[in-house]
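**Q** From first to last, the protein sequence lines stand for chains A and B. Okay, so the first sequence: first residue is 175 according to this note's numbering, each after it adds one. Okay, so the second sequence: first residue is 175 according to this note's numbering, each after it adds one.
What the hints contain is simulated information worked out from the structure, not anything from laboratory work. Possibly wrong hints are sitting among the right ones.
All copies of an identical chain are treated as equivalent in the list; a pair is satisfied when it fits inside any one copy or across any two copies.
List of simulated lysine-lysine pairs, DSBU-like, C-alpha gap at most 30 Å [to be verified]:
1) K369 with K271
2) K256 with K349
3) K178 with K349
4) K349 with K271
5) K349 with K369
6) K303 with K190
7) K303 with K349
There are 2 protein chains.
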Amino acid sequence: MKIKKVILASGSPRRKELLTWAGVSFEIIISDIDETPKKNESPHLMVKRLSVEKAIAVGAQLILSNRDAVIVAADTTVVSPKGKILGKPDDLNEAFKMISELQGKTHQVLTGYSIVQVKSGKILKPISKVVKTAVTMRSLSVEERRFYLSQGESMDKAGAYAAQGFGMVLIEKIKGSYTNVVGLPMNEVLSDLNKINT
Amino acid sequence: MKIKKVILASGSPRRKELLTWAGVSFEIIISDIDETPKKNESPHLMVKRLSVEKAIAVGAQLILSNRDAVIVAADTTVVSPKGKILGKPDDLNEAFKMISELQGKTHQVLTGYSIVQVKSGKILKPISKVVKTAVTMRSLSVEERRFYLSQGESMDKAGAYAAQGFGMVLIEKIKGSYTNVVGLPMNEVLSDLNKINT
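Build out the structure end to end from the sequences listed, making use of the hints.
**A** Quick look at the structure:
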């Protein structure tokens, strides 16, 4: 990659892992933005907007400390078979409901990502895209759902499941990018990072 | 699952992990069969045959020790975009050639699996199937290929890459079962295990 180092504007251990696996040097700087969906906002618009807001918020911090940098931010959401946005569950009951909505059917996972360059105190026009992956979850008995939830990886995941680890065996098939389901569509992000001239 | 415990006829840490994640109780017994492909044998036939042979070999061991059991065996292979079977590479040079054949194109990953029941000293008719997943690998520069190989996970993998860990970020998109690429199509295997009456 041409870029020597990027700033990952995300605290997600999964995104960190994906960038590490790809051999990208990075530093993590997290912004504290309001992630509440707007009324009547489409999932597509929401993940795109949140990824831009995350990147710009970190960009502002960098400008204040006079640093040039390339920032990568992302937001991932799960859209249920009925079209509902499934965020991170508040408790195990909500997680159980989410898994029950997803099991035996196909849902969409959307990741919006933004790449923002800060140069000489200015924030350049962001590259901002949304990648969609179709995930079919296998039919799960109530016992299987409970077993999965007992593994404790659901609470900080959109849709209450993780595509790696225990959650991998919930998935019957996927169509599209797998890393997108994990939290960052690596093919698209790496390809866009390669287009940036620093 | 109705079956209390299965025998996994495979030493693969990935298959072990997948069964563990699904909450299946199992024990590992490995057979030592000749895994050489037969001349002019199709990849489909090869993975099916090898999975049956692995399961039956373990079945024979169990009969000798008077045990009833349900055995799961599998064989995974990668078929290059040109239709060539890619097994485990012999050395880093061969691994580099394999990754170079796969990058930027779509290939097929085939797992043959067999479920064999041993009951009262008899081996019942195996359930034996092949699951195919299409994997598109992103375009990789020579530098990226070398970086991947330097991670050291290529040598015991068909096609010289692993679908989990570092290899996950080589994959642009997939169509089908992801666990099939890892080494065991969990939806199909769990569903077949549930059909067995012990």
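**Q** Each hint needs a verdict: does it hold in this structure or not?
**A** Evaluated hints:
1. Proximity of K369 to K271 under the C-alpha cut-off of 30 Å is restricted to the inter-copy arrangement: shortest distance 27 Å between copies versus 42 Å within a copy.
2. In the homo-oligomer, the alpha carbons of K256 and K349 lie at most 30 Å apart both inside one protomer (18 Å) and across protomers (22 Å), since each shortest distance falls under that limit.
3. Proximity of K178 to K349 under the C-alpha cut-off of 30 Å is found in neither arrangement, the shortest distances being 32 Å within a copy and 33 Å between copies.
4. Taking identical chains as interchangeable, the C-alpha atoms of K349 and K271 lie at most 30 Å apart whether they share a chain (24 Å) or sit on different chains (27 Å).
5. Taking CA atoms no more than 30 Å apart as the test, K349 paired with K369 passes in both settings, with 26 Å inside one copy and 27 Å between copies.
6. For a Cα distance limit of 30 Å, the shortest separation of K303 from K190 inside one copy, 19 Å, qualifies, whereas the shortest one across copies, 37 Å, does not.
7. Taking identical chains as interchangeable, the C-alpha atoms of K303 and K349 lie at most 30 Å apart whether they share a chain (18 Å) or sit on different chains (22 Å).
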